[in-house]
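A.B. asks: Starting from the structure of chain A, add chains B and C where the hints point.
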Amino acid sequence: MEIYLYIALFAPLAGSLFSALFGASPKTSVTGMVASGLLFVSFMSSVVLLNYVMAGHTVHVEMMTWIAAGDFYVPFGFVVDQVSVVMMMVVSVVSTIVHIYSIGYMDHDKGFNRFFSYLSAFVFSMMILVMSDNFLGLFIGWEGVGLCSWLLIGFWYHKESATWAANEAFIMNRIADLAMLVGIFMIYWNIGSLQYDVVFAEISNLSIPIVTWIGIFLFVGAMGKSAQFPLHTWLADAMEGPTPVSALIHAATMVTAGVYLVVRANPIYGLIPEVGVAIASLGAFVAMFAATMALVNRDMKRIVAYSTLSQLGYMFVAAGLGAYWVALFHLMAHAFFKALLFLGAGNVMHAMHDELDPFKMGGLKKSMKVTWILMTLASVALAGIYPLAGFFSKDLILEVAFVEQHYVLYTVLLLTAGLTAFYSFRLVALIFHGNERHLKYGIHPHEAYTFMLYAMAPLAVLAVIAGMVFKTPYYEMVTQLLPAIEYHVHNHTTFWIMTIGTQLFVIAAIAFAYKKYAKAVRVDVKVESGFFYQLLYNQYYIPKIYDEVFTKPYRELSKVAWKQIDLKIVDATVDGIANVIYRTGEKTHTMQNGNLSSMLRWMVVGLVVLLVLAIAFTVGYNAVTMRAM
Amino acid sequence: MQEHILSILIFFPALAAMLGFIVHKDSARAYGITVAAVEFFLSLWLWYLYDPMTSGMQFMESAPLVAAFGINYIVGIDGISLFIIILATFFTMIGIASLTETRRVKDLIVTLLFLEMTMVGVFAALDAVVFYVFWELSLIPMLYIIGAWGGPLRIYASVKFFLYTFTGSLVMLVGMLFMAYFYHQATGQWSFSLLEWYRLILPLNFQLWLFAAFFVGFAIKVPMFPFHTWLPYAHGQAPTIGSVILAAILLKMGTYAFVRFSLPLFPDASVFFMFPIATLAIIMIVYTAMVAYAQEDVKQVVAYSSVSHMGVIVLGTFALNVEGISGSIFLMIAHGVVSGALFLLVGVIYDRRHTKLMSEFGGLASVMPRYATLFGIMMMASVGLPLTINFVGEFLSLLGFYKQSHGFALVAGTAIIVGAIYMLTAYKKMFFGTVTKEENKHLKDVNKTELLALVPLAVITIWLGVYPKPILEPISNSVESIVQLMHDKAQTPEAQKRIPNLGNPEVKNLQQEAH
Amino acid sequence: MEITLAHYLVLSGVLFAIGLIGVMRRKNLLMLFFATEILLNATNIGFAAIAHFHNDLTGQMFAFFIIAIAASEVAVGLGLLIVWYKRTGKIDLDIMTSMRG
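Chains A, B and C, in that order, are what the protein sequence lines are.
Sequential numbering from 1 applies to the first sequence in my numbering.
Sequential numbering from 1 applies to the second sequence in my numbering.
Sequential numbering from 1 applies to the third sequence in my numbering.
For reference, chain A alone in the conformation it holds in the complex (with noise of 0.2 Å):
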């Protein structure tokens, strides 16, 4: 079985290597033939191992050594249990798809393999953060796919917007990183090792405080990657990269290895319930503040990225009151029907010449008849109509709030899931419904190459059967790992009304959302101009807040800190010294006049100086001496 690992994770390496190998030359398709059949390949290395896994093994390697000094020691470790094959299945799915699809995508790009190299290696860098053994395995992944984000996101990088995205990404990322680190180090000074089983063996002998720092640093990690609030901002601006990037990397992949490192840290988590509920209510916040931001957007990407962001916070509340197979459960389901949205809106971004304002678009359920159906299968997914994968995970997580009496939280999530349904019908039926607006701005749309639909096919599908089919066998699978916990509201009328209600309140959203965006769009001055319309349609104004509160004053006080305090007072200190001796040497010229005469005379000066001095240090000397014996 350790074959299968090691090409599960070093297939995307391959991929990426040789489509290096041509980085500079104009496009080749073979790059992107080959990155995408190596990736195949470990689909069906990982295809492999969860059938060995199901089956109730694991496999676990080390490869070699990584880092050793002292008693510090850290190798190249991968393990496969129930939790990472769950992972690789997800990642090597979605990659290979997009990586299919992306052929199409950026088939008149001059970049073409530049991009293939960047993506399979993003792919590679996943691997590493799902397959890891140990916390450090992991940090190399996670900075990994950092690194890899801000290569795509500023994939066109003559636009300063994608270059300025691709640079916020990253350092905001670093800032979470660097709790991440912390926690790292607290694990390893009060454990000795970073390996999972020993950590996780151990963990429960250390004191709450210290656990409870730990849980806190760590979720702190998982807030940057997965754009939590207040970490959020860099995730809408990251759409400046190509839309496949969008599809894989910040909504299927990347920004859910937050979530996979609670569920991952599970028996830390266990033990420190009060940082669970904290996490919650964060999850709980980031679903409803995304979603709002989403309702007024204009750019069509965007609110893709916030119904993402959204959907993150519904998965910390499920990590959060301990369902850490929900949470996992959801994050596959949503990394299907996301990714399909986002291919979706990729096909559009085509048609329409890379227009994003879908107020400019309209009716192209005509020419764009496959998108229209695949789109709005994903919405409906996302909206969680029974019987899509949305109903089956995300209700899942409405139920874990209301069965461990987490009513607030309930009633937010809830309010968050009729939002969601109108965000993203509003979407629908501003592309696909209602006039051709784009028509007086000289767009002809067309549907998108063949292969690129049967590439986006397989989603589509698991959009629809991922809830439904695979419940049951997960369940059995993960759980042999995680925490057994099965949320079942116990009265049968209970369940119902909320089941129902759930599904009636979600339809009546997507109605509302047909009803005011089908037709003709009418713009209603008056609510535009309002002042939460304002609010939401500027992100609640916090990028600005945080260039005013953050970038401006760190640039101003690094220039404070270069030209005044550097140059004017630290440096001119050591001239000042250097002049001082200077000066003293051209004041004191004046004493060599060469007249012998004087010379001498200073000569005798000097001498009764010396004197003076010798005398006077050994009479102190002496009375130091005498009064110490």
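Honestly, I wouldn't trust all of these hints.
Said to hold, decoys possible - Partial chain A-side listing against chain B, Cβ under 7 Å, derived:
id : residue
1  : Thr65
2  : Ile67
3  : Ala69
4  : Phe72
5  : Glu143
6  : Trp156
7  : Tyr157
8  : Asn167
9  : Arg174
10 : Leu178
11 : Val182
12 : Phe185
13 : Leu231
14 : Lys559
15 : Val570
16 : Val574
No lab work stands behind these hints: they were computed from the structure.
Virtual Cβ for every residue (Gly too), placed ideally from N, Cα, C.
C.D. replies: Chains B and C only, in chain A's frame:
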């Protein structure tokens, strides 16, 4: 030959430099490359002969110089100095190989070979006087390189460099003389041998004064805040080769000397001064990172980033445990490789455009893709991405200091944030965006000579990031013996608590090695 | 009255003071030489006296050295003085400022 390999390694470049004067100036380059390559392979051979399992000094040589005052020519290496010596020979080699200077090449090569002797000498010396002699001699070639081949402000920069570091060294010399005097008082014999000094246990107040005296010399060399201001001038004016050697090797003399002198000689004082020094280190990390962010000249960004990284090294050194010190020594190597490579990269663009202002560039990624890639790799290494060489050192340094103080390590950890800020911003200014300047449109990508220097560095950066064991293991072994020595010598309860007792009977005490 | 070491030392000190004043006040180069000789001889007396009273010949040895050096110094100095006089016709100290810093 094996028993004299260190002396050969030290004096071969100097001898070759003498002979270099009679070499014809057209063949000076080839001569220089040959000599440096031979020297480099000698140092590799040294590594091959080195026994990584022994923690003490190896290849020791001893010859009396001034026997009456216990001044001997003693050289020897352990895992700590071995790799810095290899780094020095390696950088001299690729520095000469990638030389683009056209003015008075022969003089420059002779100077570099002489400099190589002093560098190897400093790291191999085990006698304080020999150490001091090499330490000071290293200033002269550098003074000459900056003063003769530098930019418009070269005289100011070189004089500042010389006087500043020289002043510090004089204070250090006084410290050394006092140390020898105390040794004489204690044992009745004169000795400048470091290994014999290790056996001396000094009272705390003596330790404090001596520590301070040594500190001044070392801190200026590192350079630690607030003694760092000579460095931007030196880098700003020095030719590429000067900056490369300065950043890669010469700065390491300071931090190396902390490990070699300050820690084992004055363990109690080291603990006493731990937090003041850590404070300075944190100021170095954060403050110079901010200054680097404000720079307009890309070479100054790299120069200030050096100071910032040296802060992490100092912090790791004063973690006083095996993880931290091993990490800081590994980071010395890592920072040598990465900052050396970054200065070479800056030199590449300077040769083409004769400017280092970032506002003059922009969009270079499309004009010079290979250059952008190499710069990107080195930038990411500098930022401390895992699987690059810097990460191992930074991680271990911070991990080590975390044991001593959570708060300090947390604040120092902002290095990974502020480092990313200035590096990414500089990279964006230079490589991203559209090409706006006409001169930049037809710049040539890196040529074969430049690749010859840069590709090996990139390979080392990733190789040692993925597999640091061949270097980290000998370093860790030697550090263990130093930490054990410190623990055994520690007198104050604070020091006994802070310096871990490894209690490993296999760790050979350096004291026994002296015999 | 017995002549003790103190007497010699006082004599030496007085001579030294005279020499010192001479060195400081005199503008004539020849007079400067005289003053220097007085200084040297002041120390000679000190050395010889201390050597005698301590029964240690080292001091007298030093005195001999000083006499020898003083003699050679005067020889060289007077030679230079004569050359200087021939060139300028003066031996006034105030005009000898070619070493001005």
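A.B. asks: Each hint: holds or not?
C.D. replies: Taking the hints in turn, this is what the structure says about them:
{"no.": "1", "hint": "Thr65", "result": "holds (5 Å)"}
{"no.": "2", "hint": "Ile67", "result": "holds (6 Å)"}
{"no.": "3", "hint": "Ala69", "result": "holds (4 Å)"}
{"no.": "4", "hint": "Phe72", "result": "holds (5 Å)"}
{"no.": "5", "hint": "Glu143", "result": "holds (5 Å)"}
{"no.": "6", "hint": "Trp156", "result": "violated (10 Å)"}
{"no.": "7", "hint": "Tyr157", "result": "holds (4 Å)"}
{"no.": "8", "hint": "Asn167", "result": "holds (5 Å)"}
{"no.": "9", "hint": "Arg174", "result": "holds (5 Å)"}
{"no.": "10", "hint": "Leu178", "result": "holds (5 Å)"}
{"no.": "11", "hint": "Val182", "result": "holds (6 Å)"}
{"no.": "12", "hint": "Phe185", "result": "holds (4 Å)"}
{"no.": "13", "hint": "Leu231", "result": "violated (12 Å)"}
{"no.": "14", "hint": "Lys559", "result": "holds (5 Å)"}
{"no.": "15", "hint": "Val570", "result": "holds (5 Å)"}
{"no.": "16", "hint": "Val574", "result": "holds (6 Å)"}
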